[in-house]
Amino acid sequence: MAEFRMPSLGADMEEGTILEWRVQPGDTVHRGQIVALVETEKADIEVEVFTDGVVADLVVPVGTKVPVGTVLAHIGDGAPAPAAAPPAAAPEPKPAPEPAVAPEPEPEPSASRPVSSPLVRHLAEELHVSLDRVTGTGKGGRITRADVERAAAHPTRPERRPKVSPRARRLAARGGEPVVEAPVDPAVEAALALTPTPAPTGVPAPVPAPAPRVSRRQAVGRVMARSKREIPHYYLSIPIDLHDALAWLDARNADRSVADQVLPAALLLHAVARAAAQHPLMNGTFDAAADAHVPSDHVDLAVAVALREGGLVAPVIAQADTLSLDELMTALKGLVMRTRRNALRGSDLVPGTLTVTSLGDASPGAAGVAQMFPVITPPQVAAIGLGAIREEAVAHEGLLGVRPVVWCSLAADHRVSDGRDGARFLAALDHLLTHPDALGAHDD
Amino acid sequence: MTDTPARDVDAMIAEAVGRVAPDADLTSVGDDDLLTEQLDLDSMDMLGVLEGLQQLSGLTIPERDAPKLATLAGARAYLIARFA
Numbered sequence: 001m002a003e004f005r006m007p008s009l010g011a012d013m014e015e016g017t018i019l020e021w022r023v024q025p026g027d028t029v030h031r032g033q034i035v036a037l038v039e040t041e042k043a044d045i046e047v048e049v050f051t052d053g054v055v056a057d058l059v060v061p062v063g064t065k066v067p068v069g070t071v072l073a074h075i076g077d078g079a080p081a082p083a084a085a086p087p088a089a090a091p092e093p094k095p096a097p098e099p100a101v102a103p104e105p106e107p108e109p110s111a112s113r114p115v116s117s118p119l120v121r122h123l124a125e126e127l128h129v130s131l132d133r134v135t136g137t138g139k140g141g142r143i144t145r146a147d148v149e150r151a152a153a154h155p156t157r158p159e160r161r162p163k164v165s166p167r168a169r170r171l172a173a174r175g176g177e178p179v180v181e182a183p184v185d186p187a188v189e190a191a192l193a194l195t196p197t198p199a200p201t202g203v204p205a206p207v208p209a210p211a212p213r214v215s216r217r218q219a220v221g222r223v224m225a226r227s228k229r230e231i232p233h234y235y236l237s238i239p240i241d242l243h244d245a246l247a248w249l250d251a252r253n254a255d256r257s258v259a260d261q262v263l264p265a266a267l268l269l270h271a272v273a274r275a276a277a278q279h280p281l282m283n284g285t286f287d288a289a290a291d292a293h294v295p296s297d298h299v300d301l302a303v304a305v306a307l308r309e310g311g312l313v314a315p316v317i318a319q320a321d322t323l324s325l326d327e328l329m330t331a332l333k334g335l336v337m338r339t340r341r342n343a344l345r346g347s348d349l350v351p352g353t354l355t356v357t358s359l360g361d362a363s364p365g366a367a368g369v370a371q372m373f374p375v376i377t378p379p380q381v382a383a384i385g386l387g388a389i390r391e392e393a394v395a396h397e398g399l400l401g402v403r404p405v406v407w408c409s410l411a412a413d414h415r416v417s418d419g420r421d422g423a424r425f426l427a428a429l430d431h432l433l434t435h436p437d438a439l440g441a442h443d444d
Numbered sequence: 001m002t003d004t005p006a007r008d009v010d011a012m013i014a015e016a017v018g019r020v021a022p023d024a025d026l027t028s029v030g031d032d033d034l035l036t037e038q039l040d041l042d043s044m045d046m047l048g049v050l051e052g053l054q055q056l057s058g059l060t061i062p063e064r065d066a067p068k069l070a071t072l073a074g075a076r077a078y079l080i081a082r083f084a
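Sequence order for the protein chains is A and B. Quick note: the first sequence uses my numbering, first residue 1, plus one each step. Quick note: the second sequence uses my numbering, first residue 1, plus one each step.
Hints in this document: simulated from the structure, not taken from any laboratory. As the structure is a computational prediction, the values presented were derived from the model and not from experiment. Even for Gly, the Cβ is constructed at its ideal location relative to N, Cα and C. Heads up, a few of these hints could be off.
Said to hold, decoys possible - Covered stretches of chain A (in silico footprint by chain B; criterion: 3 or more residues with CB under 8 Å from a CB of chain B, positions within the stretch not fixed):
id	stretch
1	247-261
2	330-340
Stated by the list, open to error - Pairwise CB distance ranges, derived in the manner of DEER restraints:
id	chain 1	residue 1	chain 2	residue 2	range
3	B	37	A	64	39 to 45 Å
4	A	392	B	64	21 to 27 Å
5	B	10	A	28	52 to 58 Å
6	A	31	B	59	36 to 42 Å
7	B	59	A	394	36 to 42 Å
8	A	76	B	82	51 to 57 Å
9	B	77	A	397	38 to 44 Å
10	B	11	A	322	27 to 33 Å
11	A	25	B	10	23 to 29 Å
12	A	64	B	55	34 to 40 Å
13	A	235	B	84	55 to 61 Å
14	B	80	A	22	40 to 46 Å
15	B	55	A	218	50 to 56 Å
16	A	437	B	80	38 to 44 Å
As the list claims (entries may be wrong) - Just a few of them, taken from the derived set where beta-carbon distance is under 10 Å, the chain A residues facing chain B:
id	residue
17	1
18	56
19	57
20	265
All chains should be built: construct the whole structure from the sequences, respecting the hints.
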């Protein structure tokens with residue numbers, strides 16, 4: 001009889017609430033199957049089981065908040081006991097099953113979703129708005145941030161709240177948060193999870209739950225401090241001329257429907273994954289106890305994704321180096337959609353072997369950030385920062401021209417590699433992106 | 001094809017945008033404003049909006065037409081023309 005426990009879906013997660021059971025006692029479940037929807041401070045996350053079996057009983061009813069590690073359900077074998085199924089106390093760094101890699105962005109099961117996200121509920125609390133009295137205008141009656149803000153504004157004089165665009169509101173809400181801070185999130189938390197950090201002893205537990213922003217801030221701060229304390233970073237960067245790559249991509253996309261379109265972001269990730277697979281010193285983890293690099297057979301790419309509510313998370317595209325360009329685009333689209341819909345799965349939050357932070361989409365009209373120097377997420381050994389694709393004056397075949405350029409930065413761990421290795425990695429990336437035919441050859 | 005009143009097209013656009021950005025307020029967007037700018041959509045979001053429109057309308061929208069759907073007025077005109 002295996003115990004299915006409340007998983008830790010981030011280092012700052014201490015408890016979670018069962019929002020939904022997707023199975024009933026007597027149901028047969030398979031490893032990787034989504035069995036419950038769990039609400040954390042940050043997001044609603046679909047949680048998978050890590051064993052095959054038959055659901056014996058559901059211990060924790062819907063709506064109940066329990067600490068990480070609490071037994072939620074028992075899974076019976078229904079078959080001769082195999083080599084004891086590991087209790088799922090923590091999200092295990094299991095090799096993600098192939099199909100989980102490239103899921104279709106599925107339509108949101110709106111009927112079964114809660115009517116507001118944790119972030120919206122948090123906002124409602126801050127603004128003293130009772131959600132019972134708010135009419136949801138989002139999809140499926142979901143209560144949106146704007147609904148809460150409208151409800152908060154209503155009882156007061158309307159002039160006090162000038163009408164602002166959602167963009168302006170969001171910018172204002174983000175105001176205090178520099179963009180660079182966030183890429184780290186879950187990867188960071190995964191890193192924290194790997195290093196048993198003592199419970200913050202100096203902090204007296206306040207009666208109300210601490211605001212998620214504070215604990216995320218603290219989690220990021222701790223990991224970044226640890227990274228800068230322990231990892232001797234070196235940094236390299238290179239401008240890559242994307243003229244040919246973008247022309248190739250445009251031609252490839254032109255007659256496809258929008259559903260099959262591949263964005264430049266996917267092409268860049270595809271190239272990074274390929275280059276990392278060729279240069280194993282930039283991929284994997286560092287084992288501090290053994291004082292040695294632990295290379296990885298595959299590239300599990302952690303990718304920073306912006307949340308519309310503000311902030312970022314960095315879910316993982318497992319085995320990104322084995323995916324074709326189209327598969328990677330599909331995986332990326334799925335990740336982004338799930339992140340934005342607050343429907344990340346446990347398998348999206350497995351530890352990565354390399355993190356990419358992109359300041360990719362510049363607003364139209366703005367030149368965009370040129371270079372981005374990432375901080376390595378421990379225990380990883382490198383991180384890639386991608387600037388916005390910008391028009392730059394470039395010398396090309398002896399002539400000066402204006403061409404689209406992306407600056408690719410590498411932060412790497414000097415305990416594992418030297419600048420020369422890093423330079424080779426960036427040269428490989430440059431080669432891939434300036435020879436797009438070879439890059440896409442696997443697909444067509 | 002039966003004619004598609006502008007308000008059906010508007011509803012389609014609202015639905016497609018809502019799928020990607022449930023918190024987006026279309027009433028704050030002028031007809032000729034860029035959707036990406038006014039609603040703070042990135043290229044991935046905008047792709048989602050176009051995919052939504054494709055599903056809801058049953059039309060196949062080739063990528064080369066995407067720039068025509070960058071504003072509300074543009075999207076409206078494009079969809080009505082394709083339905084005509």
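Structure-based check of each hint:
1. 247-261: holds (count 8)
2. 330-340: Three-residue rule met by the stretch 330-340 of chain A, so holds; n is 5.
3. 37(B) with 64(A): 39 to 45 Å: About 44 Å separates the Cβ atoms of residue 37(B) and residue 64(A), which means 39 to 45 Å holds.
4. 392(A) with 64(B): 21 to 27 Å: holds (26 Å)
5. 10(B) with 28(A): 52 to 58 Å: violated (46 Å)
6. 31(A) with 59(B): 36 to 42 Å: With Cβ atoms ~40 Å apart, the hint holds.
7. 59(B) with 394(A): 36 to 42 Å: This hint holds: roughly 39 Å between Cβ atoms.
8. 76(A) with 82(B): 51 to 57 Å: holds (55 Å)
9. 77(B) with 397(A): 38 to 44 Å: Once the Cβ atoms are compared, 42 Å apart, the range 38 to 44 Å for residue 397(A) and residue 77(B) holds.
10. 11(B) with 322(A): 27 to 33 Å: The hinted range 27 to 33 Å is violated for residue 11(B) and residue 322(A), with Cβ atoms some 42 Å apart.
11. 25(A) with 10(B): 23 to 29 Å: Taking Cβ atoms as reference, residue 25(A) and residue 10(B) lie about 47 Å apart, which means the hint is violated.
12. 64(A) with 55(B): 34 to 40 Å: holds (37 Å)
13. 235(A) with 84(B): 55 to 61 Å: holds (56 Å)
14. 80(B) with 22(A): 40 to 46 Å: holds (41 Å)
15. 55(B) with 218(A): 50 to 56 Å: This hint is violated: roughly 42 Å between Cβ atoms.
16. 437(A) with 80(B): 38 to 44 Å: holds (40 Å)
17. 1: violated (41 Å)
18. 56: At about 37 Å, which exceeds the 10 Å cut-off, the nearest Cβ of chain B leaves the hint on residue 56(A) violated.
19. 57: violated (36 Å)
20. 265: Check passed: Cβ of residue 265(A) comes within 7 Å of chain B, closer than 10 Å.
When held up to the earlier numbered hints, the structure conflicts with 5, 10, 11, 15, 17, 18, 19 and fits the remainder.
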